[in-house]
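Asker: Going down the list, the sequences are from chains A and B. With the numbering used here applied, the first sequence corresponds to residues 133 to 472, in that order. With the numbering used here applied, the second sequence corresponds to residues 550 to 615, in that order.
Hints listed in this document are in silico derivations from the structure and should not be mistaken for laboratory results. Wrong hints could be hidden among the right ones.
[As the list claims (entries may be wrong)] Stretches of chain B that chain A covers, calculated by requiring three or more beta carbons in the stretch to come under 8 Å of a beta carbon on chain A:
1. 568 to 575
2. 587 to 601
[As the list claims (entries may be wrong)] With beta-carbon atoms standing in for the labels, derived distance ranges:
3. Asp386/A x Gly603/B: 28 to 36 Å
4. Ala558/B x His306/A: 18 to 26 Å
5. Glu599/B x Gly274/A: 20 to 28 Å
6. Gln403/A x Thr597/B: 36 to 44 Å
7. Gly564/B x Arg273/A: 27 to 35 Å
Think of the CB as a built atom: it goes at the ideal place given N, C-alpha and C, for glycine as much as any other residue.
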Amino acid sequence: MAGGRHRKQELFPGLGTEGQAALARSTVLVAGCGATGGTMAMLLVRAGVGRVRIVDRDFPELTNLGRQLLYDEADLAAGLPKAVIAREKLGRMNSEVEVEGIVADINPGNVFDLTEGVDLVLDGLDNQAARYLINDAAVSRGLPWIYAGCLGSAGNVMTVIPGRSSCLRCLFPHPAPPGTLPTCDTAGIIGSAPVLVAGVAATEALKLLAGSGSLLTRGLFTFDLWSNTFRMISLPDPVRTCPCCGERRFEFLDGRFQADTETMCGVDAIQINPPGAAPLDMAGLAGRLDPESLISVNDYLLRFQAEGCSFAVFPDGRVIIHGTTDHGRARALYDRYIGF
Amino acid sequence: MQVMINGMAEEVPEGVLVAELIDLFEGNDYNLIVEINHRFVHPRDYRTFEVKAGDKVELILPAFGG
């Protein structure tokens, strides 16, 4: 129809009016609504995907504004969760789309409810553990999902079609031990990396939802914008010995890799016990932190401060975060600065 | 022998294994994606996969931020 909202998109031969109608019939979960998730959500809502469910556990803060395109300074003052702000703003971008905003930390107890009734899950998460959980949930129910991660000036995108392509655990069979992976809060990030990741992942979503599945990438797209490298790594068929898609052991759904959090009695603090405790490399972790945030480090204790909280990290991986009684926030801070 | 690692020519010992290459160039960081001559190398093969002269090796850091 001439002059319609999606006319330019319908002119694109890859979609056409049939593809556009298929998008309108689709439901997508965007898990995590920061830089990558927020940009993906904007692209899908503007593209006319029928229903978009956003889930995020966080509030916007000043250090987000350099790359999280969905939020602005007024949002900091409003003090609302990202999922609530996202629902509001996305609704203004395209009122024909049904946008749902859920404030929650994705965990084994809610992941099935969150993925219920969706055609596809898009990954806008900021940590490894939640991705393994989404991978377990998606593979167990035969639901496609798109891994989309970024760090520094680099990014990875992989479309997972259960039964047909490799899954996240085919690629990374076991999660890296806590404290061994760089995070955006320790290694830094530039805003263009999540935008490129989101653009590639959202395009994969359009292909899949509009019935052009044969054009999906078959492998891992990886890039580094700073060194000008763009590669597509061919992956083998699903690995028969993969714990998840091969042996169908859904260890993250079982909760055995979920970090325990407990409120510390009488103080404004929460203790986090990571799963599968392995000795932490205290010096290595200290080296990845912003030197200005570091208070002290020795073989027995690493102390640093960030975002109004102070952290006491022990060699067995246990962390006490002073300055919050909110378990979701403590878990988010742990993922950002220790990394799991 | 000479191999290409992330686009740079490097001298490495004959018969070097992927795990040893990671030790040499990435400081024991096994949380990597390894591709040799455009083929993905599964992490379970790092200790048995031998790198040959002239191989093009890519050691890629996984990105888990968002």
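Asker: With respect to the beta-carbon atoms only, verify the hint that Ala558/B and His306/A lie 18 to 26 Å apart.
Answerer: Violated, since Ala558/B and His306/A (Cβ atoms, about 32 Å apart) do not stay within the stated range.
Asker: Confirm or reject the claim that Glu599/B and Gly274/A have a C-beta distance inside 20 to 28 Å.
Answerer: 38 Å, violated
Asker: May I ask you to test the hint 28 to 36 Å on the CB atoms belonging to Asp386/A and Gly603/B?
Answerer: At roughly 45 Å between Cβ atoms, Gly603/B and Asp386/A fall outside 28 to 36 Å, so the hint is violated.
Asker: Three residues minimum, CB to CB under 8 Å: does the region 587 to 601 of chain B make the cut for coverage by chain A? Let me know.
Answerer: n = 6 at 8 Å, threshold three: holds.
Asker: Do at least three Cβ atoms from the region 568 to 575 of chain B come closer than 8 Å to Cβ atoms of chain A?
Answerer: violated (count 0)
Asker: Could you see if the CB distance from Gln403/A to Thr597/B stays within 36 to 44 Å?
Answerer: 41 Å, holds
Asker: May I ask you to test the hint 27 to 35 Å on the CB atoms belonging to Gly564/B and Arg273/A?
Answerer: 45 Å, violated
The structure is inconsistent with the numbered hints 1, 3, 4, 5, 7, although it conforms to all the rest.
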